[in-house]
Each structure stands twice: as structure tokens, then as C-alpha cells.
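Engineer: Chains as they are written, first to last, in the numbering used here: chain E, 1 to 273; chain S, 274 to 546; chain D, 547 to 819.
Just so you know, the hints here were simulated from the structure itself, not pulled from any lab data. Among the hints, a few may not be true.
Stated by the list, open to error - Cut-off 25 angstroms, straight-line C-alpha distance, at most; resulting in silico cross-link-like pairs (SDA-like, lysine to any residue): (1) D:Lys624 with D:Ala759; (2) D:Lys644 with E:Arg68; (3) D:Lys644 with E:Gly84; (4) S:Lys542 with S:Arg341; (5) E:Lys269 with E:Leu218; (6) D:Lys624 with S:Arg284; (7) D:Lys644 with E:Leu75; (8) E:Lys78 with S:Ala319; (9) E:Lys78 with D:Lys624; (10) D:Lys644 with D:Arg708; (11) D:Lys644 with E:Ala82; (12) D:Lys644 with D:Glu692; (13) E:Lys98 with S:Leu348; (14) S:Lys351 with S:Ala414; (15) S:Lys371 with D:Leu600; (16) E:Lys269 with E:Lys98; (17) D:Lys644 with E:Ala53; (18) S:Lys351 with E:His242; (19) S:Lys351 with D:Ala592; (20) S:Lys542 with S:His515; (21) S:Lys371 with S:Leu327; (22) D:Lys644 with E:Pro45; (23) S:Lys371 with S:Ala414; (24) S:Lys542 with E:Leu218.
Stated by the list, open to error - Stretch-level coverage of chain E by chain S, calculated; a stretch enters the list once three of its residues show a Cβ under 8 angstroms from a Cβ in chain S: (25) 16 to 23; (26) 247 to 254.
Where is the CB? At the ideal position from N, CA and C, for every residue including glycine.
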Amino acid sequence: MHTSIIDQIRRTTPLVHCITNYVTVNDVANVLLAIGARPIMADDPAEAEEITALCAGLCINIGTLNARTIPSMLLAGKHARALGHPIVLDPVGAGASKLRTETALQILDEVRPAVVRGNISEIRTLAVGSGSTQGVDASAADAVTEENLAEAAAFVRGFAARTGCIAAVTGAIDLVSDGTDCYAVRNGRPEMGQVTGTGCQLSALLAAALASAPVAPLSAVTETAALMGIAGELARARMEEHDGNASYRTRIIDAICCMTAQELADHAKITSV
Amino acid sequence: MHTSIIDQIRRTTPLVHCITNYVTVNDVANVLLAIGARPIMADDPAEAEEITALCAGLCINIGTLNARTIPSMLLAGKHARALGHPIVLDPVGAGASKLRTETALQILDEVRPAVVRGNISEIRTLAVGSGSTQGVDASAADAVTEENLAEAAAFVRGFAARTGCIAAVTGAIDLVSDGTDCYAVRNGRPEMGQVTGTGCQLSALLAAALASAPVAPLSAVTETAALMGIAGELARARMEEHDGNASYRTRIIDAICCMTAQELADHAKITSV
Amino acid sequence: MHTSIIDQIRRTTPLVHCITNYVTVNDVANVLLAIGARPIMADDPAEAEEITALCAGLCINIGTLNARTIPSMLLAGKHARALGHPIVLDPVGAGASKLRTETALQILDEVRPAVVRGNISEIRTLAVGSGSTQGVDASAADAVTEENLAEAAAFVRGFAARTGCIAAVTGAIDLVSDGTDCYAVRNGRPEMGQVTGTGCQLSALLAAALASAPVAPLSAVTETAALMGIAGELARARMEEHDGNASYRTRIIDAICCMTAQELADHAKITSV
Numbered sequence: 001m002h003t004s005i006i007d008q009i010r011r012t013t014p015l016v017h018c019i020t021n022y023v024t025v026n027d028v029a030n031v032l033l034a035i036g037a038r039p040i041m042a043d044d045p046a047e048a049e050e051i052t053a054l055c056a057g058l059c060i061n062i063g064t065l066n067a068r069t070i071p072s073m074l075l076a077g078k079h080a081r082a083l084g085h086p087i088v089l090d091p092v093g094a095g096a097s098k099l100r101t102e103t104a105l106q107i108l109d110e111v112r113p114a115v116v117r118g119n120i121s122e123i124r125t126l127a128v129g130s131g132s133t134q135g136v137d138a139s140a141a142d143a144v145t146e147e148n149l150a151e152a153a154a155f156v157r158g159f160a161a162r163t164g165c166i167a168a169v170t171g172a173i174d175l176v177s178d179g180t181d182c183y184a185v186r187n188g189r190p191e192m193g194q195v196t197g198t199g200c201q202l203s204a205l206l207a208a209a210l211a212s213a214p215v216a217p218l219s220a221v222t223e224t225a226a227l228m229g230i231a232g233e234l235a236r237a238r239m240e241e242h243d244g245n246a247s248y249r250t251r252i253i254d255a256i257c258c259m260t261a262q263e264l265a266d267h268a269k270i271t272s273v
Numbered sequence: 274m275h276t277s278i279i280d281q282i283r284r285t286t287p288l289v290h291c292i293t294n295y296v297t298v299n300d301v302a303n304v305l306l307a308i309g310a311r312p313i314m315a316d317d318p319a320e321a322e323e324i325t326a327l328c329a330g331l332c333i334n335i336g337t338l339n340a341r342t343i344p345s346m347l348l349a350g351k352h353a354r355a356l357g358h359p360i361v362l363d364p365v366g367a368g369a370s371k372l373r374t375e376t377a378l379q380i381l382d383e384v385r386p387a388v389v390r391g392n393i394s395e396i397r398t399l400a401v402g403s404g405s406t407q408g409v410d411a412s413a414a415d416a417v418t419e420e421n422l423a424e425a426a427a428f429v430r431g432f433a434a435r436t437g438c439i440a441a442v443t444g445a446i447d448l449v450s451d452g453t454d455c456y457a458v459r460n461g462r463p464e465m466g467q468v469t470g471t472g473c474q475l476s477a478l479l480a481a482a483l484a485s486a487p488v489a490p491l492s493a494v495t496e497t498a499a500l501m502g503i504a505g506e507l508a509r510a511r512m513e514e515h516d517g518n519a520s521y522r523t524r525i526i527d528a529i530c531c532m533t534a535q536e537l538a539d540h541a542k543i544t545s546v
Numbered sequence: 547m548h549t550s551i552i553d554q555i556r557r558t559t560p561l562v563h564c565i566t567n568y569v570t571v572n573d574v575a576n577v578l579l580a581i582g583a584r585p586i587m588a589d590d591p592a593e594a595e596e597i598t599a600l601c602a603g604l605c606i607n608i609g610t611l612n613a614r615t616i617p618s619m620l621l622a623g624k625h626a627r628a629l630g631h632p633i634v635l636d637p638v639g640a641g642a643s644k645l646r647t648e649t650a651l652q653i654l655d656e657v658r659p660a661v662v663r664g665n666i667s668e669i670r671t672l673a674v675g676s677g678s679t680q681g682v683d684a685s686a687a688d689a690v691t692e693e694n695l696a697e698a699a700a701f702v703r704g705f706a707a708r709t710g711c712i713a714a715v716t717g718a719i720d721l722v723s724d725g726t727d728c729y730a731v732r733n734g735r736p737e738m739g740q741v742t743g744t745g746c747q748l749s750a751l752l753a754a755a756l757a758s759a760p761v762a763p764l765s766a767v768t769e770t771a772a773l774m775g776i777a778g779e780l781a782r783a784r785m786e787e788h789d790g791n792a793s794y795r796t797r798i799i800d801a802i803c804c805m806t807a808q809e810l811a812d813h814a815k816i817t818s819v
């Protein structure tokens with residue numbers, strides 16, 4: 001019988017090493033605690049390898065990358081790889097600067113993460129080796145819709161096959177592929193875009209999910225993407241008068257903290273494409 | 274007819290580059306999303322110019338400045354200036370250390386921001402070229418009151434005239450001047466001082482406001498200062514039993530997220546001085 | 547008559563210099579404001595001494611330490627020491643990497659803080675000069691329980707005596723000792739471990755408490771440890787349906803903001819051991 005990824009994480013309480021941006025780092029730590037994992041943030045080259053060795057998984061998020069943290073990402077990444085730890089790469093803003101694009105490509109090439117999670121513009125940038133992302137959000141022109149779903153799925157499947165990663169491209173419709181199978185996840189709410197860092201949170205949750213050593217990694221990633229979207233749906237339903245994006249932020253993490261395996265199973269909208 | 278700065282920002286959804294302190298950065302990102310703008314944080318010299326070129330405005334906040342980010346502030350600032358982007362300088366803690374005072378003065382001189390927003394002690398420090406700010410709050414001795422309002426307005430007007438910036442000096446009474454006209458804003462609540470970063474949030478909102486290319490920049494700055502104060506008033510009115518400064522923090526951003534142009538117009542207390 | 551540490555802090559409103567990690571820094575700032583103190587964060591070597599000289603106390607927290615901030619910790623620490631300011635060391639993750647263990651030991655040796663606050667695994671690491679902390683949480687094997695309380699108290703008392711610091715070892719039962727007396731604090735809730743940074747918050751509050759120059763430092767530290775636990779208890783009692791760790795985070799700081807000296811006195815569970 002299928003074990004919910006929620007139960008899997010809560011049972012194994014994996015320690016997850018995060019080298020992540022300082023904008024959303026507090027939410028990343030709290031969302032890992034919410035799901036039942038344990039975060040540790042450490043980004044200096046002098047301890048990056050030692051810290052990652054203690055952990056069961058690594059999340060590398062390049063938002064607010066800098067000259068000191070890029071070497072840490074590579075050191076931790078290669079060491080985690082050598083140890084067989086699952087690694088998630090979140091190429092925040094790839095396409096917005098050469099530094100981001102090249103760093104993300106270097107990590108992809110030298111670290112070979114288990115999962116790359118980004119918006120469609122970031123992943124397109126990585127696919128062609130350059131790009132012009134507008135900030136940290138996906139371009140409207142790139143958006144995955146019901147109309148272009150087959151084409152987008154082919155792109156995501158191809159990207160996953162070429163890189164050897166599970167690609168998780170999130171947006172109004174999420175697409176997750178290991179290069180062979182591809183799933184669409186139709187959970188989430190557009191208002192999640194008004195809360196900074198829901199993507200960063202998902203990336204960290206994916207590291208926790210894979211660190212909990214699920215039998216089927218592709219399902220685990222897909223299910224965790226659904227979980228994040230469902231948290232946005234449940235949190236939205238709990239909004240009260242005068243609540244705005246700051247309350248929504250709190251309610252999303254709360255929803256993950258309170259979520260049961262049954263809720264996840266009941267609300268997940270996952271289809272094969 | 275006058276267009277509200279709220280509508281103006283929501284219509285143009287400007288991308289705002291923030292080089293800002295790590296204490297309040299999450300709130301700065303979420304408040305930009307709340308008002309309808311889009312944040313991007315990037316502070317490494319290797320990408321500072323490229324990122325700012327993508328954006329419509331820049332907010333430089335020197336709280337937690339360091340040897341790596343100061344060059345980024347200058348690079349981004351000069352590039353944004355060359356591109357004609359509006360720049361806001363928030364001289365957090367100018368007067369508290371030579372590093373802060375000198376960095377703020379250098380940015381003022383070399384970048385020539387459109388707006389300088391600070392508390393009265395910080396702006397007095399910049400006016401005389403040195404200072405002794407007690408931490409990051411204004412000294413009680415400096416406070417703008419009804420009694421010293423004319424004198425304070427003359428100071429702010431003179432500072433704006435000499436620097437060529439719009440000066441926005443915020444406190445119990447805010448004073449905003451372009452060197453010719455000067456407005457007093459009597460919105461806000463004293464309890465806002467118990468939430469870290471409401472000043473940082475306002476600085477970022479000012480960058481968004483100017484990046485939305487309003488017809489009248491001085492009005493836009495004044496109106497945005499009122500907006501921040503009104504958010505504090507509305508949030509205060511929504512406080513419940515056992516709520517403290519952490520709930521207040523959430524409610525302030527929520528109030529900005531939910532604020533309508535009509536609410537802003539109805540509550541703004543702006544007078545010429 | 548005994549003055550509550552709450553009244554003492556609110557009366558003196560001490561300015562507290564924090565060199566602290568970027569994960570929980572916003573909560574650290576807001577909790578200092580909640581208790582009535584004033585935070586200033588500054589971590590560059592070029593201003594570390596000047597900033598700390600303005601303040602009444604210093605909190606050094608080594609979470610997310612790096613090559614640039616370690617020298618700042620030492621510079622600020624030695625200067626604060628020379629000025630007679632109380633210093634709190636929070637050795638986050640000591641034992642998890644050589645960098646953390648050695649940095650914490652160096653600060654302990656060269657700065658000689660007034661208080662070291664950590665979990666039992668971190669303090670055991672400092673006691674033996676090396677360790678193998680699992681991340682930033684205490685090992686289950688180390689936990690202080692009713693069963694091993696006498697032994698743990700002897701350890702904490704000995705550590706305090708050898709280092710000349712007040713040792714505050716927090717967990718399910720907190721132990722606070724100056725090397726002679728030792729107190730157990732039985733406040734708090736296990737759910738506090740699901741909120742990142744409640745330990746960091748306590749460390750900053752301890753710096754504020756000592757900066758308010760209480761007559762009896764050991765009592766002040768013990769009482770402040772109780773205060774943090776009571777905030778967790780009160781916040782827990784105010785949780786509503788669908789609230790999770792993110793709401794809990796907000797409610798804990800709110801509880802500190804609203805806490806009265808009477809509430810602290812009524813709920814504190816402090817015994818001599």
C-alpha cells in the first residue's frame with residue numbers, strides 16, 4: 001500500500017541542509033518544521049561539507065547568491081552527491097543575471113541534483129543556457145496553460161531526460177517529470193504569488209521528501225508539489241475579512257503543519273500527461 | 274483628475290530591486306507584493322547592475338551593510354541613475370557608526386537618489402556630515418512635534434534643496450519636501466515603532482511608487498507616506514485581545530494588501546507647511 | 547522588594563547589539579521590541595566595535611556564522627567586554643561543525659561572556675571541546691529529564707564554575723547556574739521546538755535582561771528563561787483550530803509583548819536544584 005509522503009517525512013524527521021536566500025529563509029525553516037523535518041542553515045565554505053554530511057538531504061536555492069555562498073553551494077553539493085544524499089536545486093532568478101544563470105548551470109552540471117524545481121522561465125533558461133527572466137517570476141508568455149500543456153509537458157520531460165534530474169516546473173499547473181513519466185498537478189491558488197517564497201518553501205519540502213527515502217521518488221515529488229498547492233487552497237479558505245498576503249503566508253505554513261495524509265489524498269489533483 | 278498612487282502601482286506592477294538589510298527583508302518583499310509591485314533582492318557586485326537594469330526602481334537600505342554589499346549599492350545605484358530609474362536611499366542607522374554615515378553620504382553624493390527616507394536623527398546626520406544616532410531610532414531630542422514643526426520643515430526643505438532629493442523624514446509627524454514645497458503627514462500610530470522595519474517597508478514602497486511613474490513625484494511620496502501610516506491605523510483598529518507586536522506586524526502588511534484608493538483618500542491627513 | 551525583570555527592561559529600554567543568524571533575525575528584533583528593549587543588528591568588522599559601544603548589551607549568536615562575521619563577533623565581543631557590557635553567547639550548532647565548535651570556544655575564551663545559553667548538546671560540546679551535535683537541536687540521548695536532573699545540574703554548575711559564565715541550558719527542563727547556585731525552570735511547551743528560533747529569541751532577551759542592570763544577574767537570567775517558557779504556554783492556550791507552528795510563532799512574541807510582571811510571577815516554575 002502507498003505510504004503518504006506526509007507520514008513518510010513525519011516518521012523519518014530528516015535533517016535538511018539548506019543553503020538558501022535570506023529573503024525567505026525563516027519561512028523555509030518553519031515549513032520544514034511544519035512538515036515534520038528539521039532544518040539546518042549553513043552557508044560558509046569552511047563548514048558546508050561537514051554540515052551536509054550530518055544531514056539526509058540538501059536544498060540549494062540561489063536567490064541572493066554571492067561570492068561567498070556560491071563556493072559553499074558547490075562544496076556542499078558535491079559532497080552530498082558523493083554521499084548519495086538527495087539534492088534539490090532551486091534556480092531562483094536564473095535568466096535574470098549571468099551570475100544566476102551560470103551558477104545554476106554549473107550546479108546542474110557538477111552537482112547533478114535529484115530535483116530541479118523552478119518556474120517555467122527559469123527552467124527554460126537552464127534548457128537553452130541563457131535567458132531573460134523578468135525578475136523572479138515567470139514571464140506571462142511562458143506560462144503553462146491547458147492550451148499548451150502537451151507542448152510544455154514535452155519540454156519538461158525532455159529537460160528531465162537530458163539532465164537526469166526530476167524536473168518540477170511549478171505555476172498555475174505544475175509539471176513533474178523524470179524524463180519518462182510526466183504528471184500535471186492542478187492544486188494551488190493564484191494568490192500564492194502574493195506571498196514571497198512559496199516556491200522556496202516547496203523546494204525545501206522536496207528535499208525533505210526525498211531525504212525521507214520514499215520508495216518512488218517521482219511520486220514523492222509530485223505528491224509534495226500537490227501538498228504545497230493544497231496548503232494554499234486550505235489557507236485561502238480560512239482567510240477572514242481584512243486578511244491579506246501576510247496572514248495568508250502564516251496560514252499556508254499552518255495548513256502544512258496541520259495537514260493529514262488523508263487531506264492530501266483527498267485534495268490532490270494529479271494526472272498523467 | 275488625480276490618480277491614486279495605489280491604483281498607479283497596481284496598474285504598472287513595477288519590479289523593484291532591493292539591496293536591503295536581512296533583518297526586515299521578508300517584510301519588505303511581502304509589502305511590495307501587498308501593494309501590487311514585485312520585489313527582487315540581489316546584493317552581489319557581480320550581478321547588481323544587471324539586476325537593476327531589469328527593474329523600474331531601486332531601494333538601497335544600508336541596515337546590515339557590509340564590505341561586500343556597499344560596492345553593490347554603489348554599482349547598482351550608479352547604473353540605475355544612468356538608466357533614469359528612481360532610487361530611494363534609506364540611511365538606516367546613519368550616525369550610529371562612521372561606516373553608516375560615510376556610506377550614506379557617499380551614496381547621496383555619487384548616486385543622487387530621487388528620495389531619501391529616514392528618521393529625523395538620520396537625516397540630521399546626513400545634513401551635518403556626522404552624527405551620533407542612538408541605534409536605529411530617532412533621538413527623542415530630535416523628534417518633530419507640533420511645537421517645532423516650522424523649524425523642522427525649514428530644515429527638511431533646506432536638506433532637500435541642497436541635495437536635490439525629495440526628503441521624507443518620518444516619525445510621529447512625517448515631513449516630505451522637494452526643496453520647494455513641504456507637506457506634513459499626520460497618519461500612523463506610535464505602536465508602529467514596536468514592529469521592526471516599518472520604515473524599511475515604507476522606503477521600498479516609495480521606490481515602487483516612483484517606479485510606477487506618477488505625474489507628480491512629490492505627491493506620490495507624500496501619499497505613500499500617508500498610506501503607510503494609515504495601514505498602521507487600520508491594523509491597530511483590528512487588534513484583538515492578546516495581540517501584540519507580532520500580530521500587528523502581520524496586520525499592517527494585510528492592511529496594505531487590502532487598502533483601496535478610496536480608503537487612502539479618506540484617511541490621509543496631509544497638509545502643506 | 548524584588549523588581550520583575552519585565553519592569554526592569556521596560557523601564558530601562560536597553561539598546562542591544564545583536565550579531566545573529568539571518569534565519570531568525572526578524573523574530574529576534576521583534577521579541578526585543580516586544581519586551582521593551584531596542585535592537586540593533588550590525589555584523590561588519592568595520593563597525594562592530596563602534597555599534598557595540600552605543601549599546602548596553604551584546605548578543606552573539608553563531609548560527610549562519612561566516613568568514614566575515616566571525617571577526618565581527620570577536621571585535622564586538624572584546625570591545626563590549628572592555629566596556630563592561632553584558633554579553634550573551636548562543637553557540638548555535640556547536641558540535642555540528644569544527645567551525646562552530648572552535649568559534650564558540652574562541653568566543654568563550656577570548657570574550658568571556660556573562661551568559662552562555664544553548665541546548666544541552668551544544669553545552670556538552672563546549673565542555674569537552676568537541677562534539678557531534680545532530681544539527682541545531684539537542685540529541686535525545688542528552689536530554690535533561692527528571693531522572694537525570696541531579697547529574698545534569700552538576701554538569702551545568704561545573705561548566706559555569708569552570709568558564710565563569712552563567713550557564714543557561716534550555717530544553718524540556720531549563721537549568722541555570724552561576725557555578726554556585728543552580729535553578730531548574732519547568733516552563734515551556736514541547737511545541738516550541740516546532741518554531742525556529744525560540745532559543746535565539748531567549749538569548750537576545752537575556753542580553754536585554756542583563757543590559758537592564760538587574761541587582762541579581764542569576765535571578766534575572768532564570769526569570770527570563772521562565773518568561774520565554776511562559777510565553778510558549780500562554781501562546782499555546784490561545785491557539786485556535788487550524789493554527790499551526792506559524793501562528794504559534796506569532797502568538798509567542800505577542801505573549802511576550804502583552805506579558806505583565808504579575809503573569810510572570812504567577813506562572814514561573816523555578817526551583818533550586
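Engineer: Each hint should be assessed against the structure and marked as holding or not.
Structural biologist: Verification of the supplied hints:
no., hint, result
1, D:Lys624 with D:Ala759, "holds (19 angstroms)"
2, D:Lys644 with E:Arg68, "holds (19 angstroms)"
3, D:Lys644 with E:Gly84, "holds (23 angstroms)"
4, S:Lys542 with S:Arg341, "violated (41 angstroms)"
5, E:Lys269 with E:Leu218, "holds (15 angstroms)"
6, D:Lys624 with S:Arg284, "violated (53 angstroms)"
7, D:Lys644 with E:Leu75, "holds (16 angstroms)"
8, E:Lys78 with S:Ala319, "holds (24 angstroms)"
9, E:Lys78 with D:Lys624, "violated (38 angstroms)"
10, D:Lys644 with D:Arg708, "holds (22 angstroms)"
11, D:Lys644 with E:Ala82, "holds (20 angstroms)"
12, D:Lys644 with D:Glu692, "violated (32 angstroms)"
13, E:Lys98 with S:Leu348, "holds (16 angstroms)"
14, S:Lys351 with S:Ala414, "violated (35 angstroms)"
15, S:Lys371 with D:Leu600, "holds (12 angstroms)"
16, E:Lys269 with E:Lys98, "violated (36 angstroms)"
17, D:Lys644 with E:Ala53, "holds (13 angstroms)"
18, S:Lys351 with E:His242, "violated (40 angstroms)"
19, S:Lys351 with D:Ala592, "holds (23 angstroms)"
20, S:Lys542 with S:His515, "violated (30 angstroms)"
21, S:Lys371 with S:Leu327, "violated (32 angstroms)"
22, D:Lys644 with E:Pro45, "holds (12 angstroms)"
23, S:Lys371 with S:Ala414, "holds (21 angstroms)"
24, S:Lys542 with E:Leu218, "violated (57 angstroms)"
25, 16 to 23, "holds (count 3)"
26, 247 to 254, "holds (count 3)"
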